[in-house]
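Here is what each chain is made of, one letter per residue.
2 protein chains.
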Amino acid sequence: MRIRYTSLLFVFVCAVVVNAQEVPTPKLNLMPMPASVKFHRERLAVDSNFRVATRGHSDVRLQAGIFRFLKRLEGRTVLTMPPGLAADDQTTPLVVNCQGPGKNIPGVGEDESYHIDITNRQAILNAPTVVGALRGLETVLQLVDADRNGYFLPGVQIDDQPRFPWRGLMIDVSRHFQTIEVLKRNLDAMAAVKMNVLHWHLSEDQGFRVESKKFPKLHQLGSDGNYYTQDQIKDIIAYARDRGIRVVPEFDIPGHSTSWLVGYPELGSAPGPYTIERRPGIFEPALDPTREEVYKFLETFLGEMAALFPDDYLHIGGDENEGKQWDRNPAIQAYMKQKGIKDNHALQAYFNTRLLKILQKHGKKMIGWDEILQPGLPKDIVIHSWRGTAALAEAARQGYDGILSNGYYIDLIQPASQHYVADPLPADSKLTPEEAKHVLGGEATMWAEWVTPETIDSRIWPRTAAIAERLWSPRTVSDVPDMYRRLAVISLQLEELGLTHKKNQEMMLRRLVRNDDIGPLRTLVAVIEPVKEYRRYQMRPQTMLSPLTGVIDAATPDSEAGRKFSWMVSEFLNDGPRYQLYRPELSAMLSEWQTSGASLEPLIDRSPALKEIKPLAQNLSVLGETGLEAITYLKLGMPPPRDWRETSLAKVNEAAKPYGALEFAVIAGVKQLVNSAGDMGSGRR
Amino acid sequence: MRIRYTSLLFVFVCAVVVNAQEVPTPKLNLMPMPASVKFHRERLAVDSNFRVATRGHSDVRLQAGIFRFLKRLEGRTVLTMPPGLAADDQTTPLVVNCQGPGKNIPGVGEDESYHIDITNRQAILNAPTVVGALRGLETVLQLVDADRNGYFLPGVQIDDQPRFPWRGLMIDVSRHFQTIEVLKRNLDAMAAVKMNVLHWHLSEDQGFRVESKKFPKLHQLGSDGNYYTQDQIKDIIAYARDRGIRVVPEFDIPGHSTSWLVGYPELGSAPGPYTIERRPGIFEPALDPTREEVYKFLETFLGEMAALFPDDYLHIGGDENEGKQWDRNPAIQAYMKQKGIKDNHALQAYFNTRLLKILQKHGKKMIGWDEILQPGLPKDIVIHSWRGTAALAEAARQGYDGILSNGYYIDLIQPASQHYVADPLPADSKLTPEEAKHVLGGEATMWAEWVTPETIDSRIWPRTAAIAERLWSPRTVSDVPDMYRRLAVISLQLEELGLTHKKNQEMMLRRLVRNDDIGPLRTLVAVIEPVKEYRRYQMRPQTMLSPLTGVIDAATPDSEAGRKFSWMVSEFLNDGPRYQLYRPELSAMLSEWQTSGASLEPLIDRSPALKEIKPLAQNLSVLGETGLEAITYLKLGMPPPRDWRETSLAKVNEAAKPYGALEFAVIAGVKQLVNSAGDMGSGRR
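Chains A and B supply the protein sequences, listed in that same order.
For the first sequence, my numbering begins at 696 and goes up steadily by one.
For the second sequence, my numbering begins at 696 and goes up steadily by one.
No lab work stands behind these hints: they were computed from the structure.
Watch out, some of these pointers could steer you wrong.
[Unchecked claim] Listed next, the in silico BS3-like pairs over lysine-lysine satisfying Cα-Cα at most 25 angstroms (straight line):
no.	chain 1	residue 1	chain 2	residue 2
1	B	Lys879	A	Lys879
2	A	Lys766	B	Lys1346
3	B	Lys1056	B	Lys1032
4	B	Lys1306	A	Lys929
5	A	Lys879	B	Lys1346
6	A	Lys1306	B	Lys766
7	B	Lys766	A	Lys929
8	A	Lys908	B	Lys1346
9	A	Lys929	B	Lys1346
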């Protein structure tokens, strides 16, 4: 059956018809999709008598999870349910049957599986561990549906467990500091899509973010006052544990360490003094791997951190050290000669070997970026691959555990569809089943050069939910349109956890326009995207101290309006020579572009911060006008004038140029319209 | 000159034309309006060279204030300005010239005055204290304007100081707990409108919110785990002090004390046991004023709190104790007989006298609600009047300081215009100047039965800014339309501080509708308001544990669309018999009501939480249709059929009935239209 785009985009919560005879596989709004879902013809009412009882194991963490579940259910349904847990597990609507507590500290081997069975009478959630039960409760919340008769849970039987044990989100809190509230709401969002690792990127050239009682100048001089106290860190770890999420800290060394050296220049490979870095990029400062004092410092510091962070792993970064300070330091050069260390790679391998011993002494396993993989390291380190699945597979063949981040760089403004196809263990993988076990999963990476607490949610969500699905669900769950359909539903549900990815956009537009009349700017922003990869800084340089409140910051990746437009264009063109399908919707959209472009001019004149998008406003009108012309020719079956295609394509190509580091997400669709209209004239149809 | 409503509502940031010859008094968007503003013909550019220098006194608090100022200025203009303070005070665009630090702990006698002089060359802000400088910086931020040439500060000379020294916002954190983030962003908002007292209502029947190290069962058993640690309290006090805001804690006794008695039933006037109250209302539990143990407890507890809260004042509540437990307790009755205490009022006076001694011993002045004013109390207590200006004046005549809250009960869903006219010292006050000095100011009161962190901002703001103006600006600043014009601008600026009063509404509508298609619901919600005063609970009873996520919670007081509609109706009718003015706008608005009402039906069918507003949706259509009919008759100059007026008014009256504790804010306007059309038939025109 052909899926209409309207139903994909607009009917988010499709009524789940539970009559199995009529609809064999109703569209559930689950994300990540469970390993197995079967449907009954039944449904369980969710009304003001809804309660939860536990059976088997129960503890504070499970109960807190159930109370959070009930609060969200009440919030969504506006029903006041009886407070507390029910005692009777025979008739209570939802019974959580947990077999045991699971690991005390969340860890890689945690059993996160669960089983849900919903009938007319009761919903039973079975899980071997509390974490499994928490994962199942999120699924139950995603199952809640409604119709004229009220809220209900559809009759289903779900068997579910993750494909990979390591499903992480890395948050860089160093380039821009992120508050405790940002972390907590993102932990809630991670739990909602069953992610289980917060990789906390805590130090960088641009900031050192942890209170160290042993070396207080680290946070005092390296953070501008923006750091987490140890109490706050414990609070975050507890908050994550409550949600079955591990917290893996990263202290990136020997490079990326300018902020360490502000307070402790004696650790550096050049004399200093050092100041906190304000630019983005790769910088020279690096710890001096030839000095015993550096290892003594690390021994004490990492000992302090090892005690603070209970996770088995500690991430030591290790990336992007170009060794320029090492090259220029005669003492380091002499040391290398003396020890027979032939190059900087070997020197960093030497550093890592020493580091590994320190971590082992403190009971931690080492994880680091690709660069740490060097001959001679033992097999219990984990390789974090920014290079790709080939590097990951090679590490696995050598017996190293690894996780993938290549493909999951959410700071690069790629669409969810692109992240969705990145698979840590692709279908064509040549690894043996035994080797494949070394591929533990992956992590989305939120590098924070261009995000603040105001905008970070919109860079992480909803796209990261697609990555969460890739890491949890079977490889065969890969239908991109259906992913987008479910992503829109999940995106809305994340708002109930306090996520600001949707609501901050209009606020930012109001601030830019300086009043409530944001209609035309909203129309423009809906169809533009920040430029991808690392082009933003090249086109619109800023520092870490610059305001991130421009149109580029309000614009989001993966334009939904852009996808809708492309879809409608292709349906419309496929409907030729009738050209009826979606014509009214397309015409309305193009007309709106045309008029909004013009309406933007006076707004821009009153708001100098909008000046940089003036060419975009003009081009929005041009794109609208050109698209409308093409539709008119197609509709009338009338070939356009001879030069029309060429002139129009020139205009569209002109409009494809980015301004303010923003570009249109609708260029291809308009070109398709122009070319189709042009083809009529050239007899190519 | 007649002010057009469009310009009031839509052109929020009017370009300040600084040519004094052309426009003698440009419309500035200042709130509260300064005591004196004069205009020059000059302007100072705000560009990426904008910096601040200090002259005279400087300290950490001033510098932090300047950095916050710069961050907001950068955020609003999307300009990266040079970091840090400038050294040169001769050419730097803004110079802050502060004469001294002011009080170490913010207090009632603080000098908050400031003087601003802006020329082409420089802006100079003079202030005797740091707090005065902070107030002035807020004015500078409100002065920032823009046109095609960029951002700028208009040439002005401002002399400003507050009319009243006590300008407070009371936040009840007991009925519903409010997080630290809620308090911080509201402190920021208070500072933006120059308020200077956070009255923190910390204990109630429904919750005890402070960690007590002396009596830990207070917070452990009385708060459901929702309390502030002493560290958090110190953090809030420091945050407030940084902004020149006092923090006055309230511990409401002897009534309103159920939550104290959960952990310490022995303090009560009945044996207990007690549980945390979940309902709204006035309850019986009260401390036993006849037992020495109670005073010993209070001596220790208030000593702990007196050390924690540095403000000179401590609020002891004292309201709404009906004494029912006292009446029924034979020991209390015997004690009263023995001591010659003739009634419960006298008993509470006895209690307050004892309490006063305890507070005095700990160096605190007592403040309490009207009820505490009883013969024999010394003159250094402060009366907090919920009764009104007459009670306040009477207290002042007796020599008692007082503050007003009657008229400022923002939980009662009244329009800002109503709060705006409430004056602690009305024009017709009979107090002598000496007596009038006892009237210290007032406080907006955010009672929290029906607000959560998600909705509280929308109940406080923007209306509280009108109260802030009443308490700061000269009495003569009283133009309601101009207040609303400026309120809309300030409301938007508050968003840059993280306030959620605007952005959470659409999020809540998305959650209710369960998708992004909220247009019709938004149209309805824009013209309805929650029922006023205490009718919400009567019409739609809930408990403190109920979800506050319904349409009533998304709807806001003081409907802006309702005001706009009324204005347009009156302009339209005044334009008879031509009936041209605002006819297109009115017709468009009424048509939108008509169609939205119909579009809401399927949304309601899919979202049972919307069921309660089904009659409102139908009535929205009816109001739209009726209004359109009236406009058609008026436009055509055609008298309607004989029964039309009666039938139509009956429909409108039917539509005036509240549903879901929500009512239309446009009834009067539609009736005016109907009556005007009807008058044509009856020959009354």
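Quick check: which numbered hints come out false for this structure? 2, 3, 4, 5, 7, 8, 9
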